[in-house]
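Chains as they are written, first to last, in our numbering: chain Z, 1 to 386; chain B, 387 to 772; chain S, 773 to 1158; chain L, 1159 to 1544.
To be clear, the hints were calculated from the coordinates, so they are not data collected in a lab.
Please note: incorrect hints may appear among the correct ones.
For lysine to any residue, the following SDA-like pairs were computed, each having C-alpha atoms within a straight-line distance of at most 20 Å [what the hints assert, rightly or not]:
hint : chain 1 : residue 1 : chain 2 : residue 2
1    : B       : Lys477    : B       : Ala769
2    : L       : Lys1544   : L       : Leu1462
3    : L       : Lys1425   : B       : Ile677
4    : L       : Lys1425   : B       : Ala769
There are 4 protein chains.
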Amino acid sequence: MALVGGGSGSFIGRVHATAAVLDNRAALVAGALSSDPIRAKSSAAGYDIPQDRAYASYQELIDSELAKPATERIDFLTIATPNHMHFPVAKAAVEAGFNVVCDKPMTFDLAQAEELQKLVEKSGVVFAVTHNYTGYPLVRQAREMVQNGELGEIQCIRSNYIQGWLRTRLEASDQKQAAWRTDPTRSGAAGCFGDIGTHAYNLGRYISGLLPRQISCHLRTFETGRALDDYGHAVIQFENGALGTVTASQVTHGRENDVTIEVDGTKGAIQWRQENPNELIVRRNGSAHQIYTRDPNAPYLLPLAKSSCRLPSGHPEAFFEAFANIYRAAFDAMILRIEGKFFETKNTIYPNVYDGVEGMYFIQQSVASSRENGAWLPLQHQAARK
Amino acid sequence: MALVGGGSGSFIGRVHATAAVLDNRAALVAGALSSDPIRAKSSAAGYDIPQDRAYASYQELIDSELAKPATERIDFLTIATPNHMHFPVAKAAVEAGFNVVCDKPMTFDLAQAEELQKLVEKSGVVFAVTHNYTGYPLVRQAREMVQNGELGEIQCIRSNYIQGWLRTRLEASDQKQAAWRTDPTRSGAAGCFGDIGTHAYNLGRYISGLLPRQISCHLRTFETGRALDDYGHAVIQFENGALGTVTASQVTHGRENDVTIEVDGTKGAIQWRQENPNELIVRRNGSAHQIYTRDPNAPYLLPLAKSSCRLPSGHPEAFFEAFANIYRAAFDAMILRIEGKFFETKNTIYPNVYDGVEGMYFIQQSVASSRENGAWLPLQHQAARK
Amino acid sequence: MALVGGGSGSFIGRVHATAAVLDNRAALVAGALSSDPIRAKSSAAGYDIPQDRAYASYQELIDSELAKPATERIDFLTIATPNHMHFPVAKAAVEAGFNVVCDKPMTFDLAQAEELQKLVEKSGVVFAVTHNYTGYPLVRQAREMVQNGELGEIQCIRSNYIQGWLRTRLEASDQKQAAWRTDPTRSGAAGCFGDIGTHAYNLGRYISGLLPRQISCHLRTFETGRALDDYGHAVIQFENGALGTVTASQVTHGRENDVTIEVDGTKGAIQWRQENPNELIVRRNGSAHQIYTRDPNAPYLLPLAKSSCRLPSGHPEAFFEAFANIYRAAFDAMILRIEGKFFETKNTIYPNVYDGVEGMYFIQQSVASSRENGAWLPLQHQAARK
Amino acid sequence: MALVGGGSGSFIGRVHATAAVLDNRAALVAGALSSDPIRAKSSAAGYDIPQDRAYASYQELIDSELAKPATERIDFLTIATPNHMHFPVAKAAVEAGFNVVCDKPMTFDLAQAEELQKLVEKSGVVFAVTHNYTGYPLVRQAREMVQNGELGEIQCIRSNYIQGWLRTRLEASDQKQAAWRTDPTRSGAAGCFGDIGTHAYNLGRYISGLLPRQISCHLRTFETGRALDDYGHAVIQFENGALGTVTASQVTHGRENDVTIEVDGTKGAIQWRQENPNELIVRRNGSAHQIYTRDPNAPYLLPLAKSSCRLPSGHPEAFFEAFANIYRAAFDAMILRIEGKFFETKNTIYPNVYDGVEGMYFIQQSVASSRENGAWLPLQHQAARK
């Protein structure tokens, strides 16, 4: 495994490095940790990456690793750079035949995403996008319940992602995390909606499997002087007539990382909150409210949820473990690829390149709808997987 | 006090009768409890109303009470009929000079509401509308915090009212509560949005004091064969640039009466849930999350909230008490009126006729916007109070 | 109905007055509201008690009411005085043939309680003790579930009553509530354990129906200079081998009125918290955690719980309503008594004189055990009802 | 790092292996994974331990590693066997000069614990005991708050550890986890109280720093035929006059791993629950309830708590991370030892051999007190650290 991005000061690079090895199925052996060659080298020690595989650029990484014998080179590459660098790195890696785990949003804009999709299809590599909230066992339980028909037909999806850390203009003080996220040249067309609105939307898509039709969106920038949105709300019509709403905020005082989703079906309704991820509330008229917990021995837990657990019930698993579940599923595919066997590329448990394309389409159409005062625009991309 | 509506099988009539007397400031002595004269009489015993003041119709009630000497006649009249009867009863009562407490929505349509507003202005009676969620001490605390500037400028309001009881077509089995609420001839232009969406909207208006500008609305009827909406979502632009959302559902499995509101300001954010009404969550970046409780001795509680409590902290107060707080404030005004003194008619603590007009405008514009696929329509009525 | 005690500054007097009339089955018409004759008179207006029935003493109240024709005199009398006055008032009322609703603890000491029990048995009046937490619908649900065998055999009971208001010596500043509760001449042998420990113990007895055998108790006074305990813990052995614990605190910072109970049976376990009284958590191995709510239409709610509700689910009921449920059951018995019919005196839904005796025994044995460093002492009084 | 115990079917072995490497400061390179030599070998692949360091016994492991050059041998050894094997393995490792991380309870009985203490003192190795609940950032925050005097003098500690998995006699079906825990020859003198009661007791000691004086204990075996206790309750007197209670259950239906602790001080009170470990409730009379969250940027978080976090707030950390925090602190000490520098051995952040001795004393005295019907017995061992 090699890591691109993740130099000192990074948050998500460390998360990838930790989650990828959690099951002892991978080792981090190479990296191009920063776009600054000096920093790229100096950051390597923190990851225990030997200096001779601490590359000064992603190009060098790919070239050098390709030059090694197959048994010694990396199996895959994780991309944890700012958004604008996702595409060039991914493109190079995919073209070189490396499997890729890429942070979200997958690319800078939709055009890049569509091009990347073609490259992945051509190369046949495993490509995972870390929409990490799909890795929680109880999110997967929710998905399975929908697919099993336990909730009946899905009619309403309400997802929210509420934070408060950009309530002040942190970017003005050059805080690294804030700086690139609020900069249109590094983040893309949307700020808040690209950073976290996509997660909320993806979560609804992942659980429900519903195909979208149209979006009407309202983005706002509440902190004066900021170039991108820091709050947004979208209404979504799904193909089956369901109505969805997505709310994302970075300016709500005191809220940390409050991702919630509620899905209403004709036979049951579920509710999940990421800050308390080991519980799923399941409701049916005429029955007591039920709290499903992350319990690998629970009769009510479906196979996919059970196999996503590492600990007995009551011993909370959380963020790293959810990330690691994306890796676990991607590793399974990587092994099949090494063995030359068939592996699913579209309907995977891990978010893939098609989900990445969809995410970029969501951002593009959100921004466009908002610019037209909430006009309804199409939302179903041909890459959308059911 | 006289009660119009509330015959056997009624829910809200009993609530009014109980809440009105909770502080021992009123007694229920007369009623026209049903549109069916037989039932109107027979229901009286259940309220301890003497047979000679159990009237067969609201007209008879008003005429007979007017005929009594001033010291013996009722001081006010509570209207707890289905929506379509609110206006004729209210009109007759107001014209007769009786104070009125009217359930919401105030009338059947906007035209009636506007006419009623004029009648109330002309007669000078006290007129309260039971948007009862405004009666909770911690909702009032939230309102005072906004007015004191503790939350800074308000930028986002998210209110939800989620129920599940109309997930099946109860109206088909002639369940009384369901029957009139889903019948356009008795309920009005909107179903779910008229019944509970208005509460959610009103709650945001009451707490924030923000004046609305435009609405974009999406109503849905998910139960086949139902004439009115059973789910709806509205996006609201406020005059100061704030963005609001209102979601109302009657078809979410297992949800009971889940009213929640979140208000984001530049200096702080609050969150309140009606099913746990004795807590208000207050958040500010850099501080611990705070839970304000309904504690009349708490230094952090503002005067209006303190004076709305009846019990010490930790002894939960709830639905009846919130209703009673509307009555308490209306009684204060009625006493001033009896004494011939000035009493505030517009900026009252209890929801008044202007709020009633606003509510009807909200319903009308919601339905109109939804019919035009979410077109933005004006939402600020001239009756709107700041 | 007449009220003894409850003069200005009283908390529980007002609660009785409000709860007793909540169902419109009683009216407060007479009172002896204070031991100070002037105050007894002056407090009457606040309750709308006419001056001619605002008596200067409880003796005067009883004598005067007895002198009235049967149809005009009060049916029952509520005692809401400090503890030391409970017995003389109750004795006089019972001997005069009046039904009584008495606040808890029933008397000042066990000897009085036992004497009162005999007087009640002799007179045949209805006698209720307001262990009010037994009035919550979901507490009654818990009791019914135990009686139905749904939880199997009960083996563990953990009850806690945690407050913080006596963390400082409020009594030194003559705060009325604190003053008598911390004064052994008015409160009795125990402070915290008499005031709230008895509630916690009673709640376990009410729900489980288990007969106690022995108690080992540890009382503490953490605020220097206070005469009575402000913290205590008891271990209880029940006859069937079950183990119970009771913890009561008045010195835990910030805790309001936090009554919780957990009951473990061989087939299921339940958990309830008074500050969130409309929920009961029910757990069974292998099943999802269940939240039963106060829903009169819920198939899982048992008849006694259903009939203890006044409002639909999701519309929280609380403290007054729980109190009113004690009154409701006592009224049912009073009516049977008026009609000359049999009424249950021992196994009543409302706490009765036998529960009162048990409560006094609990206090006596708690204090005695604590003085002997937690020695095991008998706890089963012959009055104990199963 | 070498692992002793942890063969297939083990729970805690895997936890150690994962947590130890979470910060990339250790690698698992050797093991004696089972007392069955075949299984010891075959389990190695699951940990990626090379076959030549997959030893058939702990003796072989220690001998073989000692035979390697210092730079190639393991730095420390983790013991994750059933309780009865802790001592012989620990003794051998300590005598060989290896640092040790040992699961709890530290030994089979007190005598072994005291001997081990002396061996550790003599050898000068780093010795950590995984009372893992002390590793949660907010538990450490609580400890720091006590030490800073923020809570004033500590007067009451209530800790509970409630599980339900041994409600049936799983041991009868030879479930591995249940079998050794309920077997006196492998688990020791206590069952439930040794397995989880010690955790609850240790947590109170860790946070409060109070020295114990006496214990009065009541153990119960509710499942017929079981040899050891499956429920227990202890009352503890601390040297400063504080009163503590410890309740532990393995037979409460549906409860998973519900560790809670409440600590009352004269200036403030705190409450923490392991199943929601990223929140700490802090209360002070006259202030709103406060929820401290695991937020490394929060001004209210003290240095020890901040340095125990790996992720930003709102991204829940949990069980593995808490375990890893014990390792992190032990690693710091191991490095100092390698460098020949002084390292603290008694007042460490990680639980150490003295805590292990105390734990064994707690078990011994619990059992003895319970056998004498709750007689008060001494609880302060000379090894107890303040």
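Against the structure, the hints come out as follows:
1. Lys477/B with Ala769/B: Measuring from Cα to Cα gives roughly 18 Å; hence the hint holds.
2. Lys1544/L with Leu1462/L: 18 Å, holds
3. Lys1425/L with Ile677/B: 19 Å, holds
4. Lys1425/L with Ala769/B: 51 Å, violated
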